[in-house]
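Visitor: Keeping their order, the protein sequence lines are chains A and B.
Position in the first sequence (first residue = 1) + 17 = our numbering.
Position in the second sequence (first residue = 1) + 4 = our numbering.
One should not assume that every hint holds.
To be verified - Straight line, CA to CA, 16 Å or less: simulated EDC-like cross-link-like pairs of lysine to aspartate or glutamate:
{"id": "1", "chain 1": "A", "residue 1": "Lys-104", "chain 2": "A", "residue 2": "Asp-26"}
{"id": "2", "chain 1": "A", "residue 1": "Lys-142", "chain 2": "B", "residue 2": "Asp-66"}
{"id": "3", "chain 1": "B", "residue 1": "Lys-57", "chain 2": "A", "residue 2": "Asp-159"}
{"id": "4", "chain 1": "A", "residue 1": "Lys-76", "chain 2": "B", "residue 2": "Asp-66"}
{"id": "5", "chain 1": "A", "residue 1": "Lys-76", "chain 2": "B", "residue 2": "Glu-17"}
These aren't lab readings, by the way, just hints derived from the structure by calculation.
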Amino acid sequence: MKIAVQHEDFDAGAEMRAVSRANPGVGGVAAFVGLVRDRNEGAAVGAMTLEHYPGMTEKALSGIVDEARGRWQVLDCVVIHRVGELKPTDQIVLVVVASGHRGDAFAACEFIMDYLKTRAPFWKKEATSGGARWVEARASDDQAADRWAGRAGRKTG
Amino acid sequence: MKVKLLFFASLREQLGSGGEEFELPAGVATVAALRAHLAGRGGAWHSALADEKLLRMAVNQDIVKPGAPIKPGDEIAFFPPVTGG
Chain A
18 MKIAVQHEDF DAGAEMRAVS RANPGVGGVA AFVGLVRDRN EGAAVGAMTL EHYPGMTEKA
78 LSGIVDEARG RWQVLDCVVI HRVGELKPTD QIVLVVVASG HRGDAFAACE FIMDYLKTRA
138 PFWKKEATSG GARWVEARAS DDQAADRWAG RAGRKTG
Chain B
5 MKVKLLFFAS LREQLGSGGE EFELPAGVAT VAALRAHLAG RGGAWHSALA DEKLLRMAVN
65 QDIVKPGAPI KPGDEIAFFP PVTGG
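Pulled out of the complex, with its shape left as it was, chain B reads as follows (with noise of 0.2 Å):
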């Protein structure tokens, strides 16, 4: 029952980490949800994914609002605000 998770730009340097294979743990069923329990990590995961304002969240390639379900299989991306053009 994994996701694949995904970071871009900012967040992949403040996490050192550009995405990994996730258990998503039972009660974790929407991208809002998901983004506060990674939070929970503490430390760089903390600083960077506690304000939901300063991040844009994506499902499967598509730009989603926080409160979007999330399902196993799912590949799910944060990243900062787009900065292209």
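Okay, chain A solo, but in the shape it has when bound (with noise of 0.2 Å):
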């Protein structure tokens, strides 16, 4: 399991390439890369400011892959999220789920990802062309969250 926030770029192949070959039972490998769009809520995006909360970050994060691991048969996991100033077409965030089989792995590289929009402690502030602005959490992004509640995992392995 690997959990990282940091500056840095990452490459999603090279990570899923280790948790491909770190266990001979991983029969799939799902991953989610978020990127930084040009455009949101109707304005030109020149730049992106990732501000975090440092220590709570990482625990957030920690507790959401628990959560998943305790749900479907997580094999290996890798979680990267990147702060500070970002352009558009940079990589956000990396979430990649080994397991043994697709729709283990499938399930929870979505439900990491729908925990981490709304639990995880990062605020996104825009450069637009119309001045700087914080990013305004969505109700979408609860809703996807919360399909999760009382939904069981599959434990396929």
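Starting from two chains that each stand alone, build the complex the way the hints lay out.
Guide: The following block contains the structure:
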């Protein structure tokens, strides 16, 4: 398991290869990469600054990964989230889940992203053509996370 | 009998402060009571902290509900809903 909060970019392919090789029981690897879009809420975005709560961020991400491991077969997992100034097309976040089967890998990967978006203390500030603004939380993100409440994992392993 | 207060993102900018060491007044025993006490400072503190629905709170780096108890030595953070990912 690897959790990192960092300024530097990441190599999704290298992270996926690492979890694939670490355990011969891995039958599938699911990955999600979040990127900076060049538009948001009707405005052109020139840059974005990601702020976080050092210490709590790592603790929150570890808790989310632990919860995923309790629900699905997760043989290995990588969560990398960048902070600092980013530009459109830059990578923001990587979630990689290795499992015995695709069902658990897909579900755990989506679960980790949904929980990360609503529970991990990161905040985005966009520099737009109309000035700088803090990105507002979306109700749709809360709804996406709430879908998992009471939903048991499948543990196909 | 101090606690450590932390403020993040838009809240940090509104308050002009990332945090402070704070002497916990007698009778302030929950996060909600602390928030109300800080809002009572008036001005930016009132406008930033008066509406609990717009805030998230953490005690010792765990997100908590407003009724969560606090005690001396705690690290208590206030911040807007998170927007990472």
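Visitor: Any hints this thing doesn't respect? Which numbers, in order?
Guide: Hint check: 2, 5 fail, others pass.
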